[in-house]
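In order, the protein sequences belong to chains V and H. Residue numbers for the first sequence follow the numbering used here, so the first one is -1 and each next one is one higher. Residue numbers for the second sequence follow the numbering used here, so the first one is 33 and each next one is one higher.
Possibly wrong hints are sitting among the right ones.
Simulated restraints, written as ranges between beta carbons of each label pair [as the list claims (entries may be wrong)]:
(1) Gly143(H) to Arg145(V): 42 to 48 Å
(2) Asn324(H) to Val226(V): 51 to 57 Å
(3) Asn204(V) to Gly143(H): 39 to 45 Å
Rather than coming from a laboratory, the hints here were simulated on the basis of the structure. Because the structure is a prediction, the values reported are computed rather than measured. Just so you know, even glycine gets a beta-carbon here, dropped at the ideal spot from N, CA and C.
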Amino acid sequence: MRKPGSVKRFDFRRRSKCPKSCTEELHGGAARRRCDPSGRNRTAQRANRLAVPALRSTMRPDMAAKKGKAKKSAEEQVAEALVTARAALVENGVATAKQLGSPAIRAKVQEQLQREGFEATAKLVRVPLATQTAQLLSQGERIPVSRLHQRLAGCTKKETTALVPLLVSSKVAVQVLRGKELVLVAPTDPLTDAATIAAAKKQFKNFVGELKKVEKWLADASKKKVGVLSEDWAEALGALPLPELHTSSAPETRQSSQEIAPSTDDPWHHLKGILVALSDEDTGLASVPAVVRRLREEGPEVDAAQALLTAHRRGLVELRPEGGFGRLSPEDAALCPKGAGESPLSWVRLVEGAAS
Amino acid sequence: MKETFLGAVHADPWSELLLDLPALNAQASDSVEQTVLRLREFARRDPGQLRSESLVLLGPPGTGKTHLFARLRKKLGPRAVFVHIRPLLHAGMSTAFVLKQAVEQLSRTSGGRFQADALVGSLIGLAQSALVSFPTAHLDEWRSLTPEARKQQIEETVDALLERFPDLDDSFVERLLQVPFVSPRERRALLAWLAGHDCDPSQLERIGASASLPEDGALRALQTLGTMAALGAPLVLVFDQLENLVQRDQVEERITQYGNLIAELVDSTRGLLIVQMALDSEWEVGIEPRFNLSQRSRAVMKKASLSLPTPAQSNELLTLWHAALDAPAAPLPWPFTREQVDQLLQLPGLTPRMLLTALREAREGQSIGLLEQPTPVGSSPEASLVSAGEVLPEEWHARLVSAHHSIDSAEARRGGLDSERLCDGILSAASFAPDLRLRATQKKYIQITPREGQGRWVALVNQPHPSSIGAALRRALQQPPHLPGLVVREQWCPISPTAGATLELQDEVLRRPHVTWFELGREQAAQLLALDDLLQAARSADIMDSAGRPLSEELVRSYVREELHPERWELIRELALTPPETRRQDEEGERGSVLEATATPPSVSAHEPPPAGDSTVESILLRLRIASVDRLIREVRRLRGTATRHEVVEQLEGLGSRVAWYGRNLVEWKEAS
């Protein structure tokens, strides 16, 4: 029996039951760490292990906790919580309230993560929903609107109502009708617009009219047992605007959420702004030397060519080889990253639907 | 062989074998398709709204511009007529050139049927307000009619078309409608007339025409063709490799000419879709900024750039090509390893052509150039020359074979060579002669003039009809007598011995002290055409080294300079000769005639003096080995202006068994046994 006011302590050297719902026998610290039925705390535990390995290895847990509390300043706690939260965001795309640290420091942690580009709600912090959606679409997924909240970490069904128009207006996704369901697809997926459908309808209508003429003629001549030559039929059908099968142009390789998660160090936002400003209205092409110069103006320490190559690897931009005859001066050529066959990549274009 | 696609570095726009990934550049092809359908719709429903439209498509080398042409041709089938035009390197393009290309390509097959048949078939369907989707059925129906009934049907169709579009050229409409129903010989004659070629009398008689299409009738013919085509299968003029317009020394002139041509086509014709394809850097920096506002508003109505394949699309391309290999040893990634495929797909700036080159290398068991330690082209001149030395002889040979084919086909249709291409070839070859500075003119009869007032003018006399030859010769004779000139005619197209008036004009030309008559041998002509083709490909970065990197134009030119020596080709040497020399040699009778019956290797001098002998005829025949009597007469007259046919024939007969006669006009020198 426990005395009133006494603190319940576990002696991990003794065999005992787990204090949670698990029925597993405990065998010291290792088993204690393994025993996590919900699985939620593993990331935090791992982060804690990394943060205070020395304490863990030499002290009894209660002592370690006591000493840690005594020694850690608020800043240290925030730093620890940030490590935990970032790990959770990388792993799961979302960090729950518990992973954001104690209530006392939670606001600070949330604030820092928001500055890094993550989205914060009352209960959690997550990778921005638009970014998550863009990543899924870039992998070739087509997400029914009704199930969007299930595919996005930390998203509620209610939120999707406001999210979908936002995704469409910012050109992260395009809404299409598949069967009876609205589905989000990548903007790079070829679409058939209303005008094409109307034109096809018209063409089919004309064709049906012609078929009626043929039918009538065949009926008139039915006694003579006449038919229509297959090759003529094939030719007529071939002239109809039958849709072609377009395959998704999504990149093949799967990107980790770390790659697309925005951070203050990520020059992408910067780069995107410059690309938008410098690109040609019709072709979307921007000159790489001009982009690099502009990037350097705004931050000389930035490795501009590397930033472009990184954006290319992430499927955000298309880098194109130079195709001119001596149009590129040696100075400009030196600013261009090198591509296949060592050709200077002198033109760049934003890929449609690149992560915002 | 299915694998021929592996060797084709540059896509063949007319290939029936098309390995295509529709998702790649789907937007660009959809845009062209929508425009074609819209033009057809306007032509049928609202002719007043029918206009010509233009579209610019840009991309780096090897991104699939020419492939896009082949795809559209296949996709649209009989719903459009496609014309593929490559600009000339030196000479400008005119409406006559465009008309010639458009009509010549009507006899190309697309999707198993002649483009002319698709055009006329759908037009007949429309004119009869019947089933427009069955062009072949309509043609077959008309083919089954008696000639009189068909003629009546054609006349009715012409009337119906003229009622709707009163400004059409009725004789052009009528002859175009006849094309699918006539014999191959008549078809050839009709197409020659429609293309604005000069027709010989038998061709004119065959098609019931009194004269060829007039020189200034090209634009009206294009207007008629464009409008007619828009009703059934709109005409899509695809100007490919427009980077060839850019030349360092005469940038403004050629680009302005081109801009004027497009503006004229857009303003004066209806229902044309003008697609312009070029390398992005060249267009953006070298061409479009040179257009004035008016030209730009016509030439650049829409502009788009072609995309490079994403890694997923590159993978799909590999799958597609792998499936087309003859007996692949294993499924993909063979002939690569998985690591190689992963590396390739992640390369930035990877074009379909580079990927195809890598596949070919892997298939042949070679190392993959793109994945090796790179040696930038041009960084080491020796390495670049070695690399070029492996590729360029093959490229040259392939182009020489192709040039011979085009000469054969010109001969088969009893016409001369394409004078624009030949003129371009001469200018390309002349650019290698250090002291020769020539320029193309826009004139029909005097195609080349010296750039700085010194040098010779050149007249290409390649007409088949004697009266047209006479017109060309008269124009040559109108040149100021003190200006030296060169009259060039294909050696395999002799002037008919019955065309007395033309022969007299020829004699008059021969008597001019400053004018030289030059008969161009087949091999010489093939070399000129092949050189032009090679330099065009180099300009478009279409010649790749073994690692799939484009060879620079300078490198190709240095190969041509070192190995082919165009400055030593006979025609170029003749052009480079200064007139006083020519005169002196003529007077001294020492210079060998430039008339060569067969090709002379570049290293062998064509100006060796004729062998000594009592008889001039004997010495000339000894050199020529085989020649027509007319040719011999001309040769003799060059040396002795008063010589007569009788004297020449008498001398020939006097040679006895040393001369073999074939008929009455051909003689061959026989060595004494």
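Okay, the hints, checked on the actual structure:
For the hinted restraint 42 to 48 Å between Gly143(H) and Arg145(V), the CB-CB distance of approximately 44 Å keeps it satisfied. Under the hint 51 to 57 Å, the C-beta atoms of Asn324(H) and Val226(V), about 55 Å apart, fit the expected range. A C-beta distance of roughly 21 Å is found between Asn204(V) and Gly143(H), which places it outside the suggested range of 39 to 45 Å.
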